[in-house]
Amino acid sequence: NAGVTQTPKFQVLKTGQSMTLQCAQDMNHNSMYWYRQDPGMGLRLIYYSASEGTTDKGEVPNGYNVSRLNKREFSLRLESAAPSQTSVYFCASIQGNGYTFGSGTRLTVV
Amino acid sequence: AQKITQTQPGMFVQEKEAVTLDCTYDTSDQSYGLFWYKQPSSGEMIFLIYQGSYDEQNATEGRYSLNFQKARKSANLVISASQLGDSAMYFCAMREGGTYKYIFGTGTRLKVLA
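Residue numbers (the working numbering), protein chains in the order written: chain A, 11 to 120; chain B, -4 to 109.
By construction, these hints were calculated from the structure, which means they are not laboratory data. A hint or two may mislead.
[Said to hold, decoys possible] Here are some, though not all, of the chain A residues that point toward chain B, as calculated from beta-carbon distances under 10 Å:
| # | residue |
| --- | --- |
| 1 | Y45 |
| 2 | G52 |
| 3 | A102 |
| 4 | G112 |
| 5 | S113 |
| 6 | G114 |
[Unchecked claim] With a straight-line cut-off of 27 Å between C-alpha atoms, the simulated DSS-like cross-links for lysine-lysine are:
| # | chain 1 | residue 1 | chain 2 | residue 2 |
| --- | --- | --- | --- | --- |
| 7 | B | K96 | B | K65 |
| 8 | B | K11 | B | K106 |
| 9 | A | K19 | A | K81 |
| 10 | A | K81 | A | K67 |
| 11 | B | K65 | B | K(-2) |
| 12 | A | K81 | B | K96 |
| 13 | B | K96 | A | K67 |
| 14 | A | K19 | B | K96 |
| 15 | B | K(-2) | B | K106 |
| 16 | B | K96 | B | K68 |
| 17 | A | K67 | B | K(-2) |
| 18 | B | K68 | B | K(-2) |
Since we're looking at a predicted model, the values are computed, not measured. Beta carbons: idealized from backbone N, C-alpha and C, even for Gly.
Bound-form chain B, shown alone (with noise of 0.2 Å):
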């Protein structure tokens, strides 16, 4: 069965510094998509970021990026020049290939120190 984990609960980071955030993976299919959201407390859920199984390029949107290591299955958000904003719940999901259901992982929390 397909699996999501992210074992950092929470995370700290200076204003201005480049975080990680850690994901890992579980997967039998070649095909298949990843993703990250971001919950701010207001709790809305935002998309950040797409990565496909088949991409060879990272996947990058502004200062997200997303570190993809296939035979390691993991999915790391790397978020560069952080700022008071991203202080937020972040999720990671990944979609199996062929399938409407996406799973999510159970989340980091992620605080800008000023």
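Only chain A is shown next, with the shape it has when bound in the complex (with noise of 0.2 Å):
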């Protein structure tokens, strides 16, 4: 089905750990986003990717880092992960108006 696919769906992790969070469209979309939500607080944009080969800095970035693997493809990293950092993650992308949302990623930091 097209969409937007995201992996994994749960992860625990220890403090300190690294992960990478998996997005995947293919809806030939240039833009993607990486946003986080938490109770309250709506979602957070944390990066985002205008076109293949670019990628920018949202409102909440610190604690990570991401890959523009292709146009398909963007990938989230928590190189030490901080029970500050969890959250559920989402996944988007867009062409024209209005997101595309991945189903997202419910991560606990522990």
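Hints are included, so try docking the two chains, each in its own frame, into the full complex.
Encoded structure:
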């Protein structure tokens, strides 16, 4: 099915561990985004990629890195996870108006 | 800096009645886009409706309409004939023209009562 695919859906990390959240879209969209969702704070932009080969910081980039591997894939890496990074992470892509979101990754850092 | 404000953390509405979810925004740009998304308890984000800053007519999509008052910088979502399946979190969002960045409000949780 066409859309945005995120993996994994759930993850528990220990403080200090690293991991990469994967995101792929098959709609040939140019722009891709990573958001985190925390209770009472809505969605906050971590990083985005306006087009293949470019990435830019959003509102809350500290503690994260991203890679736009090709037009389809945009990964988010936590180098040294902290409890403050416990959140639900959404990847999205867009062409024109309206995001298409992935189903989210629920990450818990203990 | 641009900002989206949703002042209603939670709302209740009786089934089959209409409900308005409030959204105000702040931007210095003349060109921008306003969006509403629905997030049911299953967690996925569903795009509902879009309004461009230059659109003269209010956007409508089925039972959803966007009450756009540009001078007041408000973009309220109106859901007509509420259904139990409308119970969800609703987010207002804005894109400034010429950028790829979107910002979201903190959301309003709507509960439809039978």
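Hints, verified against the model:
1. Y45: Holds. Min distance 8 Å.
2. G52: Check passed: Cβ of A:G52 comes within 4 Å of chain B, closer than 10 Å.
3. A102: 8 Å, holds
4. G112: Hint holds; A:G112 Cβ to chain B Cβ min 8 Å, cut 10 Å.
5. S113: 5 Å, holds
6. G114: At 5 Å from the nearest chain B Cβ, A:G114 passes the 10 Å test, so the hint holds.
7. B:K96 x B:K65: Given that 27 Å is the threshold and the Cα spacing comes to 21 Å, the pair holds.
8. B:K11 x B:K106: 12 Å, holds
9. A:K19 x A:K81: Holds, at about 22 Å.
10. A:K81 x A:K67: OK: A:K81 and A:K67 at ~18 Å, within 27 Å.
11. B:K65 x B:K(-2): 15 Å, holds
12. A:K81 x B:K96: 18 Å, holds
13. B:K96 x A:K67: 10 Å, holds
14. A:K19 x B:K96: Holds. A:K19 to B:K96 sits at ~25 Å (cutoff 27 Å).
15. B:K(-2) x B:K106: Holds, at roughly 26 Å.
16. B:K96 x B:K68: The given pair, whose Cα atoms are some 19 Å apart, holds under the 27 Å limit.
17. A:K67 x B:K(-2): Measuring from Cα to Cα gives roughly 18 Å; hence the hint holds.
18. B:K68 x B:K(-2): Distance ~11 Å between B:K68 and B:K(-2) Cα, so the pair holds.
Of the numbered hints given earlier, the model fails none.
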